[in-house]
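Novice: Residue strings, one per chain:
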Amino acid sequence: KNEVEQSPQNLTAQEGEFITINCSYSVGISALHWLQQHPGGGIVSLFMLSSGKKKHGRLIATINIQEKHSSLHITASHPRDSAVYICAGGGSEKLVFGKGTKLTVNP
Amino acid sequence: NAGVTQTPKFQVLKTGQSMTLQCAQDMNHEYMSWYRQDPGMGLRLIHYSVGAGITDQGEVPNGYNVSRSTTEDFPLRLLSAAPSQTSVYFCASSAASGGARDTQYFGPGTRLTVL
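Residue numbers (our numbering), protein chains in the order written: chain A, 33 to 139; chain B, 150 to 264.
Keep in mind that the hints were calculated from the coordinates and are not lab data. Note that beta-carbon positions come from the ideal geometry of N, C-alpha and C, so glycine has one too. Take these hints with a grain of salt, some might be off.
[Unchecked claim] BS3-like, lysine-lysine: derived pairs with alpha carbons at most 30 angstroms apart:
hint, chain 1, residue 1, chain 2, residue 2
1, B, K158, A, K131
2, B, K158, A, K134
3, A, K100, A, K87
4, A, K134, A, K87
5, B, K158, A, K126
6, A, K131, B, K163
[To be verified] From the derived model, a few chain A residues whose C-beta atoms are all more than 12 angstroms from chain B:
hint, residue
7, E35
8, I75
9, I92
[To be verified] Residues from chain A shown here face chain B by an in silico Cβ test under 8 angstroms; the list is partial:
hint, residue
10, S62
11, A63
12, G73
13, G123
14, L127
15, G130
16, K134
Working from the sequences, and respecting the hints, build out all of it.
Specialist: Set out below in structure tokens:
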């Protein structure tokens, strides 16, 4: 069983919809990362959080340490948000990655 | 800043050949790491380094060697390539030596095929 689980694996939405991607982890972590992998393959960091909530533009990430759960929300989704979203958790030196959620936003 | 660079972008090897994947960063980051990404699986850690002269194994180190003689460079060596090493390889860096606790910066990836 993977130590970091994401759901759903695939998600299709219409432009403008509110999106939620979930991440659960079974290991102790000091930080939870959300990454975006573009269709061309490049990976960029969206958020790193250890408690509470962070917001950047239309993206919001939350984490509940007690429940070992994090969510990534996208408000007013747009076709350019189509990508694979990856969560990863780590204690100190090693990150463990979820398998990713493939998001497709249709116009 | 160029960020994290990787060369080559694409490579085809025959079974048994050796090669080195190059990774460099110009952000003076302490932590560097190598991952492989395979279909249906998450990124998996191969090796990592918390500073020049210090390396350690990740989840899938067999068949790979690394060294870190400078802060900037972290090459990954395939000793004797096998078809199971066909994958996309990503190098990443972060400022803090406790890499998991800091923002990760990824290179563009190297797509390796072993025939």
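Novice: Please go over all the hints and tell whether each is borne out by the structure.
Specialist: Consistency of the hints with the structure:
Our distance criterion of 30 angstroms between C-alpha atoms is met by K158/B and K131/A, whose separation comes to about 23 angstroms. At roughly 23 angstroms between alpha-carbon atoms, K158/B and K134/A fall within 30 angstroms of each other, so this suggested pair holds. Between K100/A and K87/A the alpha-carbon distance is near 20 angstroms, which keeps this suggested pair within the 30 angstroms criterion. With a CA separation close to 21 angstroms, the supplied pair K134/A and K87/A stays within the 30 angstroms bound.
Distance check on the hinted pair: K158/B and K126/A sit about 25 angstroms apart at the alpha-carbon level, within 30 angstroms; holds. Between K131/A and K163/B the alpha-carbon distance is near 29 angstroms, which keeps this suggested pair within the 30 angstroms criterion. Distance check for E35/A against chain B: the nearest CB is about 10 angstroms away, which does not clear 12 angstroms, and the non-interface claim fails. Distance check for I75/A against chain B: the nearest CB is about 4 angstroms away, which does not clear 12 angstroms, and the non-interface claim fails.
The claim that I92/A is not at the interface with chain B holds, since no C-beta of that chain comes within 12 angstroms of its own (minimum 18 angstroms). Annotation: S62/A was flagged as interfacial toward chain B, and the flag holds, the nearest CB pair being 5 angstroms apart, inside 8 angstroms. Taking 8 angstroms as the C-beta contact cut-off toward chain B, the hint placing A63/A at the interface holds, the least distance being around 5 angstroms. The beta carbon of G73/A comes within 5 angstroms of a beta carbon in chain B, closer than 8 angstroms, and the hint placing it at the interface holds.
At about 6 angstroms, the closest approach between the beta carbon of G123/A and any beta carbon in chain B falls short of 8 angstroms, and the interface hint on this residue holds. At its closest, the beta carbon of L127/A sits 5 angstroms from a beta carbon of chain B; the interface hint therefore holds under the 8 angstroms criterion. For G130/A, the suggested interface contact is upheld, since its CB lies about 5 angstroms from the closest CB of chain B, less than 8 angstroms. Interface restraint check for K134/A: the shortest CB-CB distance to chain B comes to about 11 angstroms, outside 8 angstroms, so the restraint is violated.
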